[in-house]
Amino acid sequence: MKDDDTVSPAAPVADSQTPAAIAVSHLTKQYKTARAVDDISFRIGRGSITGLLGGNGAGKTTTIAMIMGLVLPTSGGIEVLGHRMPDESAAVLGRMNFESPYVDMPMRLTVRQNLSVFGRLYAVDNLKARIAELASDLDLTDFLDRASGKLSAGQKTRVALAKALINDPELLLLDEPTASLDPDTADWVRGHLEDYRKRRNATILLASHNMLEVERLCDRVIIMKRGRIEGDDTPAGIMARYNRATLEEVFLDVARGRNREAAQ
Amino acid sequence: MNNLSLQIAPHRVGAMILRYWYILQSSWPRMLELVYWPMLQIITWGFLQTYITANAGFFARAGGTLIGAVILWDILFRGQLGFSISFLEEMWARNLGNLLMSPLTPLEFLLALMTMSLIRLAIGVIPMTLMAVAFFDFNVYGLGLPLIAFFCNLIFTSWAVGIFVSGLVLRNGLGAEGIVWTLMFALMPLTCVYYPVSVLPQWLQLVAWALPPTYVFEGMRTLLVEHVFRTDLMLSALALNAGLLLASFAAFLALLRSARRAGSLLSGGE
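Chains as they are written, first to last, in this note's numbering: chain E, 1 to 264; chain S, 1 to 270.
Don't read these hints as lab results, they were simulated from the structure.
Keep in mind that the hints are not guaranteed to be accurate.
Label pairs and their in silico Cβ distance ranges [stated by the list, open to error]:
no.: 1; chain 1: E; residue 1: Asp142; chain 2: S; residue 2: Ile119; range: 29 to 39 Å
no.: 2; chain 1: S; residue 1: Cys152; chain 2: E; residue 2: His209; range: 53 to 63 Å
no.: 3; chain 1: E; residue 1: Tyr31; chain 2: S; residue 2: Trp203; range: 35 to 45 Å
no.: 4; chain 1: E; residue 1: Tyr31; chain 2: S; residue 2: Leu32; range: 39 to 49 Å
no.: 5; chain 1: E; residue 1: Gly76; chain 2: S; residue 2: Trp203; range: 48 to 58 Å
no.: 6; chain 1: E; residue 1: Leu252; chain 2: S; residue 2: Met31; range: 48 to 58 Å
no.: 7; chain 1: E; residue 1: Pro19; chain 2: S; residue 2: Tyr36; range: 38 to 48 Å
no.: 8; chain 1: S; residue 1: Pro127; chain 2: E; residue 2: Ser75; range: 53 to 63 Å
no.: 9; chain 1: S; residue 1: Tyr36; chain 2: E; residue 2: Lys150; range: 25 to 35 Å
no.: 10; chain 1: S; residue 1: Gly178; chain 2: E; residue 2: Ala147; range: 24 to 34 Å
no.: 11; chain 1: E; residue 1: Gln30; chain 2: S; residue 2: Leu183; range: 24 to 34 Å
Chain S is nowhere near these chain E residues, computed Cβ spacing over 10 Å in every case [what the hints assert, rightly or not]:
no.: 12; residue: Leu93
no.: 13; residue: Gly94
no.: 14; residue: Ala123
no.: 15; residue: Ala132
no.: 16; residue: Asp182
no.: 17; residue: Gly191
no.: 18; residue: Glu194
no.: 19; residue: Asp195
It should be emphasised that the depicted structure is a prediction, and the values quoted were computed from it without experimental measurement.
Built from N, CA and C at the ideal position, the CB exists for glycine as well.
Required output: the full structure, derived from the provided sequences and hints.
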């Protein structure tokens, strides 16, 4: 283990020369009684997978919600695919998509009806073929005509992923994409996300509590705590910086307020 | 959803209408509910009208004012409910985040809700009007062209109220759902559905004349009792409705922005 006792925060991996899919600058969100996000800045290069880590209340969901435009920042700026959010959201909303545990697919509609509605909203060309392609990719074909509310948790996650991919997005925002899934289904979803990134050169930002998932998927990890960025590096770089063998250990150090010296 | 955009893409409006149609046709109890209450209303009030007509000289001359008022009130009430229930479907389904993150604009969303209010209204009110003809010899379509003026003004008001209460639910979550079902009833005594404006105290008459439906109900009574169509009343209602619709759209955008600022779109519930 290393001996140095301080952790240098926020060393962004993506340099300012590469085109950014997401650029966040001095972003702050102050609610009435709590500061959910506190002056954070980062850039995410196109074609990368970045993990946003942190315990409950760290500010991950609020950060993603501000990037999506669901929550307005108190101060600071956000650029998505080269456009200022939320002012220029019309230029980018059709090029991005998301999946979150805070939203559901309408339960009474069948999977095909749901995908058909969202496909039309995103003006997807040749929609029938696109739905068939997604159904095949995500193993949905057998229950395309079943009501979304009658699916298992794993099936619902795959349907939500199909909705998130319906417009073949350049930028995918995922909040806990494998939460409440069994290990097999979770592994399957991760594999699909990896494939999608490679095939589409898409940018993926995901918030997760699952450290193995982040280690497997992410080129880069941003660790948040109490609304601030505690660390920003590759998974290996973060582990080296905290002098830990796994991200799980790093997460526990950050969550419990231990620096490396205390952790040793 | 882009707040400021006034663009309208028909394919996105169509997608939302398709969504609400899927919901409606997937549930026969919902379809039945659309027809059930208006029918019950017309039966109750129709028999009351029959009884009063047989026993009161004025009502004998003014045949149909009660049934006419019931039908027009239902257009106003069911129009707003049809709008708001479609909106509530998104809240109940926790689907609003998906829509707000899509290219759908607020104006397109509201246009889809307006269209659904017309569809739901047609399903509920047309059988009711046919029943009025069959059982109580009152043909609302016999009002002719004035009926179009009455209908348009009532539906515009119902949309304005629907837009405003949807904004309130958007901002405050499903804890504010009750207002969707009750706000229109607050207008009932003020818009003088069943009695002339002159019945109200002087100061309350000023309030009544600030509400577009008052002109419609007053206009209907004038048409049925005096056989005169008051275009001035309809034009006044139209002008008020234009102001109401603009104000409600502005309020909806302000409430949406406030919800984004407060982070309430993430919770959606209470």
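Right, here's what the structure says about each hint:
A C-beta distance of roughly 33 Å is found between E:Asp142 and S:Ile119, which places it inside the suggested range of 29 to 39 Å. Taking the beta carbon of each, S:Cys152 and E:His209 are about 54 Å apart, inside 53 to 63 Å as hinted. The beta-carbon spacing between E:Tyr31 and S:Trp203, approximately 43 Å, falls within the hinted interval of 35 to 45 Å. The given range of 39 to 49 Å is respected by E:Tyr31 and S:Leu32, whose C-beta atoms sit roughly 44 Å from each other.
At about 51 Å, the CB distance of E:Gly76 to S:Trp203 agrees with the hint of 48 to 58 Å. A beta carbon spacing of about 55 Å between E:Leu252 and S:Met31 agrees with the range 48 to 58 Å that was offered as a hint. At roughly 59 Å, the beta-carbon separation of E:Pro19 and S:Tyr36 lies outside the given 38 to 48 Å, and the hint is violated. The supplied range of 53 to 63 Å is met by S:Pro127 and E:Ser75, whose beta-carbon atoms lie about 56 Å from each other.
The hinted window of 25 to 35 Å between S:Tyr36 and E:Lys150 holds, with their beta carbons roughly 27 Å apart. Between S:Gly178 and E:Ala147, the C-beta spacing of about 28 Å keeps the proposed range 24 to 34 Å intact. Taking the beta carbon of each, E:Gln30 and S:Leu183 are about 33 Å apart, inside 24 to 34 Å as hinted. Distance check on E:Leu93: its Cβ comes as close as 5 Å (rounded) to a Cβ of chain S, failing to clear the 10 Å threshold; non-interface status is violated.
Chain S draws E:Gly94 into its interface by the beta-carbon criterion, the shortest separation being 5 Å against a cut-off of 10 Å. The claim that E:Ala123 lies off the interface is violated: its Cβ sits roughly 6 Å from the closest Cβ of chain S, which falls inside the 10 Å cut-off. Listed as outside the interface, E:Ala132 is consistent with that label: its C-beta sits roughly 19 Å from the nearest C-beta of chain S, beyond the 10 Å cut-off. The Cβ of E:Asp182 sits about 23 Å from the closest Cβ of chain S, beyond the 10 Å cut-off, so the non-interface label holds.
For E:Gly191, the non-interface assignment is confirmed: its Cβ lies about 25 Å from the closest Cβ of chain S, beyond the 10 Å cut-off. With a closest Cβ-Cβ approach of about 23 Å to chain S, E:Glu194 is found to remain outside the 10 Å limit, as its non-interface label requires. Distance check for E:Asp195 against chain S: the nearest CB is about 23 Å away, which clears 10 Å, and the non-interface claim stands.
Hints 7, 12, 13, 14 from the list above are not met by this structure, while the remaining hints are.
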